[in-house]
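If you follow the hints, you should be able to join the two separate chains into one complex; please do so.
Here the protein sequences line up with chains D and Y, keeping their order.
Be aware that the first sequence starts at 1, since it is given in my numbering, and climbs by one per residue.
Be aware that the second sequence starts at 1, since it is given in my numbering, and climbs by one per residue.
Everything labelled a hint here was simulated from the structure, so no lab data went into it.
Please note that the accuracy of each hint is not assured.
As the list claims (entries may be wrong) - Per the computed footprint, the stretches of chain Y lying under chain D, defined by three or more beta-carbons under 8 Å from a beta-carbon of chain D, are: (1) 229-235; (2) 288-296; (3) 309-321.
To be verified - Straight line, CA to CA, 20 Å or less: simulated SDA-like cross-link-like pairs of lysine to any residue: (4) Y:242 to D:42; (5) Y:242 to D:41; (6) D:50 to Y:246; (7) Y:242 to D:57.
On a predicted model such as this, the values are computed, not experimentally measured, just so you know.
The beta-carbon is built from N, C-alpha and C at its ideal position, and this holds for glycine as well.
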Amino acid sequence: MNKRGQQFVSIARLKNAFDRRSLFIGTLQGGIGLLLAGRMAYLSIAENEKYRTESESNRVNLTLIPPRRGWILDRNGAPLASNRADFRVDIIPERMADRDATLSELGSLLDLEPARITDLRHKLESARGFQPVEVAAGLSYEKFAAVSVRLPDLQGVVTQRGFSRFYPTGPAVGHLIGYVGPASAEDYEKERNPLLITPGFKIGKDGLERQFEQTVRGTPGARRVEVTASGRIVRDLDTRDDVQGKPIQLTIDGPLQDYAARRIGLESGSVVVIDCRSGELMCMASMPSFDPNSFSDGIGAVEYNMLRDDERVPLRNKVLKGLYPPGSTVKPMVAMSFLREGLSPDATTVCTGGLRVGNRVFHCWKRGGHGQVDMAKGIYQSCDVYFYHFAQQIGIDPIAAMARRVGLGQKFDLPVASQFYGTVPDPAWKLEKYGREWQAFDTVNSTIGQGYMLFNPLQLAVYAARIASGRHLEPHLVKTGARQPFAPADFSSEHVAFVRQAMSDVVNGPGTAGRARLPIPDVLMAGKTGTAQVVSLNKSDGKSGPWKYRDHGLFIFFAPFDNPRYAGAVVIEHGGGSGAAYPIARDVMTYMFDPQKGMDALRALEAQWGGTARERLSRKYAAYAAQAGADVKPPPRREEEIFDQVEAEARVDAAQPEQIADTPIIPRADPGGETAPPAPDAPEPAEGAGR
Amino acid sequence: MNPIIPEPIARQPWQMLIPLFMLVTFGAAVLYSAAGGSMEPFAASHLVRFAIFLVMASIIAMCPRELVKLLAYPAYIGVLLLLLAVEAIGAIGGGSQRWLSLGPLVLQPSELMKPVIVLALARFFDALPIGMIPTWRSLVPAAGMIGIPMAMVLVQPDLGTALAIGFGGAVVMLLAGLPMRWFLTGGALALIAAPLAYFFALQDYQQRRVTTFLDPESDPLGAGYHITQSKIAIGSGGLFGKGFNNGSQSHLNYLPEPHTDFVFATMAEEWGLAGGLFVLLAFALILRWGMQVARRAPDRFSRLLAAGMTTTIFFYVAINLLMVMGLAPVVGIPLPFMSHGGSSMMTNMICIGTLMMVSRWNRLAPRGRIS
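With the rest of the complex left out, here is chain Y (with noise of 0.2 Å):
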């Protein structure tokens, strides 16, 4: 190590915090264009909440691994308390909604059960006697765990969350080393349940999501316009885009929501293919250096730990970079870290966070010690 820096600042996991940064300011500039050249309302509170969500992902890097298995499970079952509380008022105020308002701030449970589930089950099994993993009394715990909270986020109802829930949770097990028949099994299942869900399940206007994606152009202006608007916008930027501040289809209100779901198009289109790709290699270092710092752990906990909040993340990127290039139906999920909202940079920050801890814990504990 260069001694002029002092030991803490070197220490810290600059390989995934520079890629960070850089993806922070970065939309921090295209939510600055967004708003029409102007840092309020979206750029300045973007800058802001990630400030304020890095200090709490310092302080969660700090926890001992001790504490943190003791308040997964209390954890889980706060959460689960806070999405019931949100169906109650719902239910009394006479319409769903998603949110808790608590004085001043909005919280949206249902994000915070995306790393908390991951959480939850890394301790479910990690405490889980090893012969039993390959036995039911693996499967059926863990996907209560997982179904209780989707069946509770679906009602909302919100598709994105639940399988975005669905999908940490099963990345989980599979990583528990659960046998992989099971996953072909589900994953069979799940291709049958679809076009059930599709009929059965789903609202009307998801439905139209769905269909419109098989086919945009069968309703160009009506549901169809958010991928068009979206693909017309990333297309018409070319190499290099039509440069700062410059981008017609945000700035003329043709791309729906700039600044949130499709604030990668907005970005694309000022930056062209060469802005994407600095965002494509940005979220691929952060997510390498998510599963290195999984596969360093030194134990099973914090392994599953690890590589679920990175699956989490790249959830997110993976739906939302497909839906705003047309590969995937509209569903509402932001792009982390660029996106403007507090509750996705909150989820994403609580990821991130857990990473760092783990991370610490690594360096903590030598290489190859196996608890």
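Excised from the complex, chain D in its bound form (with noise of 0.2 Å):
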């Protein structure tokens, strides 16, 4: 087969052979020695800056710290969300190994409820990559340090010693600061910023905290520290200090705001306060409230549940989004638009319980009749035949055209990620939205403040204060250097004066709020009850059976009368009539002009109800969480979707008493109506009992 090599082989030739074979594998061998070596040149030499960084980089990992968010000041620089120092304990899910025994590691650890650590392992499923969850905020150091020692069998679990919002007055500020919490894995795609994925980083979730994050961030630090590939921390490099966010200052008064949430007590509603004559808003206060403390770590599911079970809405900001028939909180309004139209405040009608307009009878709420009735009477007696017979002369268009100059229905400009402005309802208005036309009785639901009127505590605030000021006074939140005052509204000050008196007298003279007279020598409070019915008459009577059935109670007010300094809002939701309000209002004016008077009128309701509204908040989370154990609903993924729910939820609320708006009201008797009895004595607002 081989005829060369059959004829040729021999020793000698096998030998030729070898000796050129083998010098042809010794240079294929020196051969492949050169081609290393340049390639190894190639490397260490060509390459080695790209090598040197990537070797850095793999070497030094650079851990965010973050920033210390700035204060939020009340307006005399009481801190209304501070920080505190704290250790805590984070999860990356993605470098965690073996999940349940880490998670059941951590509960021996530090405790945990089972509750916690259910919702922990919600939060792990539905966490994406580095995103870390909070285990832990508040620990003490002995925990603290049983888990950083046993940090190299929990993978991925991270220790750190950092600062936590912390808001000393809790539920007293829920609504209006917001709370914090970790970024949402839709944060972070909006802001491609590593910041927000940092361990121990919150951004404002809610509120203030949300609408001025970028100012109370602060600008990160940072540690450079050298570590393995599988992250552990193997020295510290060098750090940079953060810098703490900018402080936020604002006209809330922190110790008026916490005492007038506290003494909406056991009731659903809301406080708010006004400066005058600077506009600054004191108090927005909106109860019952959430702790945005117990918030931080994202919302629990057994609180979820508990504040989702809870008819009072306790996620709801009133003040801003509760939307309430103002009753006959509208009158002076109204009245004003009458002086406006040139009506004498001295022209009279009789009251006789009733007023015939076209074939129907419309009653006033007091149905045996106010006899003569001039404005100030009607005012202060709150005489329904009063305002429905002059409104027939005058018309709804001067009265809606002076709701909206006094501020009702308007969207103030404040920090606020969302406000519901209510309607001032016209014949404008009702043709477009319901396609009929104005009827004589939408005129008298109007004076009365009924039918389609809808406006938010917010705005009866402003009313009052434009009322009692006089001036076009927008309100503020934040504070800010000195404020050119406000330019004069539309009123002449003769009808402003006029006005301020007959509010006096529903508190101070034969009105229908006697009790609400300040327990102060010489001030004098004025103001206006109102009574808001939300179902029909046959429905309810308004004062007992189902909460959701009450009448709404409110009052708007200001002190002193003669030369207004504050002025307000306080509107109870089903809180049976203006019974309800206005005992808060007098505590709370009374608060503002002798603080221990109205502590210790505070401190005496506090015993009755059980404590505190922070107190009373953590043992209904204990027995609710006792009551309903591990086994609740997670709430869901997204904070953003609860507050939108919570949001809808309100819109359709807030629809509820046009469904009463196509007929006439009939007035109830209005407790707050009567002269009423001097002596105030203990409310039972649990139980929205009329007085």
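This is the structure we're talking about:
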């Protein structure tokens, strides 16, 4: 088969072949050696820079230090939101090795409740990538140390000393300030900032914390550390300190805000107080509320279910998103519009308990009638017939115009995410919205603040402040330097003086709210009561029965009446009438002028209610958690969803009174309407019992 | 010769032993660093093993030619039986394995096969009448002798060792003077077979290693991680390295297997190009000596034996260095005399001992004598 081979194979020839071939193999070896030397030189000389950089980026890990958030201060510089030093534990889901083992180990080290572990498991399942999940914050040093020493066995767990947000007054500022929480995946998508996925970093989720996020956020510090491939820190290289965010100073008076929130007590409602000179909002309390301190690691399932099940909607900021028929509180405004149209304040009509308009009879709340009524008596006795009568002469348009002038239905320029601004109904509006003509009974309803009329408590407070000051006041929430005084409003000063006097008589004279008189000698508060029906008379008497069907209690006020300093509004949802509202206004104003007296009144009440709002909330939580156990539905994954839902439901609730707007309202015998018994007894607002 | 140095010492092949000692010592230093600056657990056992296997190599070096020839086939058959035993135990134990545990000793028969295949083939071609060299009678038995152990190692599965056995055998066949055409045809067939083998014979993880080798950036955190980190370690060393005990890639665990397969990268990070060239030079000296021994060998058997042993060592060095520098796929082949590991140290020291043995034969037989 190989002729040449057959012929020439010999030992010498094989030796020759061996020599040639071994030389060839030797050359091949040398060639590969040179190739390796060349490759090595290429890697270590030509690409040295590139690989040195890569080796450094392997070795050195830049950890961001979450910046301390700027404080949120009240008008006197006291913190409404501050930071406190904190030991915390987070998990970075992507780095976890054995999820269940790690969780149960953490559970026993930190004494976590089963419900908390269930929450954590849900969060770990929905967390993406390096988004950290908070396990616990505010730990004692002992627990923190217990976890820290076991870190080598707990992959993905991070312990940290940092700062957490602290709200000294808790629920009192929940709706106003909002709360902070870990950034969601959506937040991170919007803002691709590595800070957002740094363990321990929180962003504002609601309220002012969210509005002023960029201001209070600050600049993160950084720590350069040497890490192993598995992420274990070997040593610190250097550290740059964080720069704390800028503080925000609000116009809110912290103690007043806390007082008002606590004074609302077991009721559901809101209190707004405005400084009549500067337009500064001093109090925007909305209760019941949530404790923003307990939301900072996200909303737990038990807590969420508890808040969700509460028909008083603790998640809704009622100052901005509660819309209520204003009831008789609109009467001073309607009177202003009469005056402006040239009606003499001395013009009278006779109230016999009802007024026939067309073929219908409209009732006064006082079935027996008020007799001879002029404008002042119409206001302080809240006589419905007086307003029915003259509104027929003057018409709805001047009333609607005046409503807009005093700020009703207005959207204010405030740093808030959303405010509902309600409805000032007039014929054009009704035609557009419902395609129906304006009826005589619509005017009648409007003069007593029912029907389609809906306002939020902030608007009512601005309205009170504008009437009180006679100026075109705009509310402010953030403290700035000296402001220009507000331009005088488009009212004549005699009209203002007249209405002020009539409103003073509501409280200090023969009016409907005698019990609202301030227990302070030389300060007289002026006000106007309102009771707003939410369902028709045949469904409920407004005072008993299902809470949802009871009347709203409203009260607008300012003090001192002759030189107004503060104005405001109190709205108690389903409080059973204005009697639920004005005692609160009285105590809040008392506190303004004489804090000691105000506190004494509150302490007596809180003794009956079973503690402060915060104490009651935590007791309620404990009871709820004990009853519900760990089997509660998890909250929606996105916290935005929770608040979207709250807002959607608020809109539905706001639309509720419109169901009865299509018929004339038959005013109830207003309990606050009768000349009130002078001595205030302790109210029992939980029962909504009428007084 | 210098009369001060006693003849038994002076006659040792110092041109190989000095680079070898330096390489092993350097290897121990790198292992000391890879253990985070400690003799334990790598460096000390590395040196102890070397000492033990050096004694073994010296004993091998004493063997007379006739004894070696006599034992060549029994050794081959013995190792084949051991391979079979590994298969059998693996099958009974319900999983593949590569080791045999003999009391405290852990034996890897496939490692033993590398020098033994060279020995057996050298014996075969030595005994084959030279007229039969260009005929199928030389090819078929030789191919069978290579093919059977290769197949048994492949099913373990251990591609790297199988290739090493095949390579050692092929080199002996080439040097035995088999017609060049066969090798060219065989090479062509291998080129055709490679893609087929890739799709049908390779395990998943082996396939991935090949694809990652072709494009390491495709999966920098997965299978390409090894290659990428190794290149980072070598490239970041620069000319003179980051300094002894200062390699961050190895100390912070970015480099996989810093004490075994990637020991060269560990070294290069701390000693830089200078260290790398030193290692290459040391291997070059050892291998050149090995080829010289082969060329000077007085007879066919010793020639083939020496050349086969040298190329076996070379195969280890070349594949390992090509791999750590990103020029070959990741196959588990350690770097001789530097990597931590008993089996590879044993194989390579068997090769060294055999070369010393042939070198001794050369010295005893006058040059140019043909047996």
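Here's how the hints hold up against the structure:
no. : hint          : result
1   : 229-235       : holds (count 6)
2   : 288-296       : holds (count 4)
3   : 309-321       : holds (count 4)
4   : Y:242 to D:42 : holds (17 Å)
5   : Y:242 to D:41 : holds (16 Å)
6   : D:50 to Y:246 : holds (19 Å)
7   : Y:242 to D:57 : holds (16 Å)
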